[in-house]
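Undergrad: Assemble chain B onto chain A, guided by the hints.
2 protein chains.
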Amino acid sequence: MVATLPVNAYLANHQAERLADLCEFLAIPSISALADHRPHMHSAACWLAERLQRAGLKNAQVIQTKGHPLVYAEWLGKSGAPTILIYGHYDVQPVDPLSMWISPPFELHQRQGKMYARGISDDKGQILLHIQALEALLRNNGSLPVNVKVLFEGEEEVGSVNLMSYVAQHSKDLAADAIVISDTAMQECNVPTICCGLRGTVGLELTVHGPNSDLHSGLYGGIIANPIHVLAELLAGLRVEQGRIAVPGFYDDVVELTSVQRARLAQSLSDEGWQKQTGVSQLAGELEYTAQERLSIRPTLEVNGVWGGYQGEGSKTVIPATAHAKITCRLVPNQSPERIAHLVSADLKRRCHPGARVDVKLDKQSSSPWTCEPDHPVLRSAAQALERAFGRETIFNRMGGSLPIVTSFARELNAPVALIGFAPPDANMHAPNENMGIDTYELGLRAACYLWYELANSQFVNRKDVKNDR
Amino acid sequence: MVATLPVNAYLANHQAERLADLCEFLAIPSISALADHRPHMHSAACWLAERLQRAGLKNAQVIQTKGHPLVYAEWLGKSGAPTILIYGHYDVQPVDPLSMWISPPFELHQRQGKMYARGISDDKGQILLHIQALEALLRNNGSLPVNVKVLFEGEEEVGSVNLMSYVAQHSKDLAADAIVISDTAMQECNVPTICCGLRGTVGLELTVHGPNSDLHSGLYGGIIANPIHVLAELLAGLRVEQGRIAVPGFYDDVVELTSVQRARLAQSLSDEGWQKQTGVSQLAGELEYTAQERLSIRPTLEVNGVWGGYQGEGSKTVIPATAHAKITCRLVPNQSPERIAHLVSADLKRRCHPGARVDVKLDKQSSSPWTCEPDHPVLRSAAQALERAFGRETIFNRMGGSLPIVTSFARELNAPVALIGFAPPDANMHAPNENMGIDTYELGLRAACYLWYELANSQFVNRKDVKNDR
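Going down the list, the protein sequences come from chains A and B.
Residue numbering for the first sequence follows the working numbering, starting at 187 and increasing by one per position.
Residue numbering for the second sequence follows the working numbering, starting at 187 and increasing by one per position.
By construction, these hints were calculated from the structure, which means they are not laboratory data.
A hint or two may mislead.
Which copy is meant is left open, so a pair is good if it fits within one copy or across any two.
Only pairs whose alpha carbons sit at most 16 angstroms apart, straight line, appear in this in silico EDC-like list of lysine to aspartate or glutamate [said to hold, decoys possible]:
(1) 252 / 374
(2) 300 / 282
(3) 547 / 499
(4) 550 / 499
(5) 547 / 391
(6) 550 / 524
What you are looking at is a predicted structure, and each value in this text was computed from that prediction instead of being measured.
For reference, chain A alone in the conformation it holds in the complex (with noise of 0.2 angstroms):
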């Protein structure tokens, strides 16, 4: 542990610097969803790598893909002490719809001690926070306290599969004592947070066929498994009453949490906050468990599309010949994404009324549930440091979502993930007027610096044994 951090003096002196920065990387409208941008994707990569270059680390490089550009850089000058691998995202989302936007979307502006653009939290912001932390580290003291390589994506909105090929082919380039993620929120503002569960996902598309082709519901309505009622009666009976899933076997597998872990897990919103920022008239799910453990630590199936028939003005009297719907399950330890596929398939299969067929397509992104234990070593020196920042307490939550990126490193690198994310909870990530609070910034810049001292004198190194990823 440092008692006083080594670069305050510097980092007090550069804060209308850090500022500019912010200002530039954030201008580039790096949005990896459309086509039109791939020209700033490129940019984006470029100004990355020259910034690594310029902050002092090594090796700093723009790495060709089938998609967007990775970069990668490093600084390995520590012989002996722990090597960590940092990652984060610079591709953003899109930012429709635009007139929701107080100030446009690619200009940082300052209102109320809040910074606003797009990919100040998600994930831009958290990324240059962490190569500032490093330049300071370097400029001040000529050294880290830990060796580092850096690796950033252009896809984590669209799904990381180059990412994920690229990270299984060089596990040996990129090995490394732990993995430092800075892409997630805050419980709540400046609380220090480190998510140690992220649920696992698993998507299905449906088909009901019937008739041969679409028919009057008039002339033949009566004799015919109409497939939309077929696939209302498929759906319907996914569920039993207060929200369980009634696939046989869909809980099988589930790890149940003892009392204390459920204990320690913090509660972000109580049930009736949950329901005010919805906006429904009562919460649903499994009532045994509070609305933040149905969130992340229990395992979901939800209807995320449905369609079929006439959808226009007025009315089409038809019996469609086909009916669809999407559906993802989320998971939880140990549910495994093919079983859940193959229960829920078979189940459906199985109901599907006899005048009519179901196909069931697996959607290829699949990901199976991470957590972690809060008192693995890693953990334990990432909350010492932002608690040293922040001055505050950290505490331990799941996330509902699910980081495909964070199995496939955990797997292919067989090394601990710290999730240690700097977003304020309404940071509007994925919507108009994304935030990030300028003091929390700035906090979340000396955790930073603080997290390479409290990993390199933390005993975790050769600590494999420890249970941190399945």
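TA: Below, chain B without anything else, positioned relative to chain A:
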């Protein structure tokens, strides 16, 4: 009863002219649904008025409406004889997919004894058949056995809205002792058929409202009553096994037919036949009724469309704010569209998950069921005429579909309606390669001549006490 048709020789000598006449009329692409075809609708109406005048009818005129025009003509030269209103429509269905037509849809082509063109069966061929029959009698005999009013519309394929208000406003001008409509199909080829029942219809559109806005299903999955799931439960709960409708009170007003009445209704296809025609692996519905009965004398509830959430490529993990469905019910005597709409709506609201809300919007275009007793004197006379032309016994059937204008005529003019259709069962009325046999057309033409003699001799006038419509 006339022993032989006094116009037989005339008809035999003018077949080529009739064909040329059909060619000319069918060449006008009078598609009412497509705005681009408005000039053709006008041409078709003018062509018809001129043709009626030329046939010897009086007072022929094109009547403008808010939509496509009506065409009217009359021959009222037989004082003391009954007056018959003939209704039909000169508009046709769109022709897509055009590539599926063997010959161009607006050119009359003959192949293997059949005539092919859009409108040859539905309904331009059937109305020209009536005009040519009246013309033959007037030219050959100088008079008709009955008085005739002719009313054709150009909006049958788009809901007959303007015709219905015209009939309501001009019931005195249109006053008649019976209404004859040739716009239905024969049960089997050249087997004379009178349709003595149509189902009513009522439509509803459902919207399930859940959270304030679309939510991320990873971050919110497990606590929200997903509107798609709520909708699926509502739709699934509208039926019990075997297709019986579960809405309380739905069957309360249904008039059960006696076994004698059931036996009198013609069965067109066997259950196996319906299964083969629709390509389903098994029929659905109420097993205590034959497929033909389920299609005609039993009420139904069909979901015609469903939509909500993400419907594109790949996956988008969303819990949508709303989900939607369109439903229509087909009604039988004595069900009322208003009461059924109320019952279904109340059932949906009662069953809706407390974490969501369902709004139900009533479709404006509803219609009551209509039936007519096969032993009504008008139908007996019509059956006699058909049998004389076709040489086979007339069968009585009921249709699963709805013709709102039939209830409208019966109610506004307080007169019996005879649905005497000449379209073959495989006419492809709303599909490519619409057709009618040349022999069917010629036999139908003769039946249309016999009809006026039979009705002139019938004792039905002032027999309005006989139950015909409800």
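Undergrad: For every hint, state whether the structure bears it out.
TA: Results for each hint:
no.	hint	in the structure
1	252 / 374	neither (38 angstroms within a copy, 62 angstroms between copies)
2	300 / 282	neither (21 angstroms within a copy, 58 angstroms between copies)
3	547 / 499	between (31 angstroms within a copy, 12 angstroms between copies)
4	550 / 499	between (35 angstroms within a copy, 12 angstroms between copies)
5	547 / 391	within (5 angstroms within a copy, 30 angstroms between copies)
6	550 / 524	within (11 angstroms within a copy, 48 angstroms between copies)
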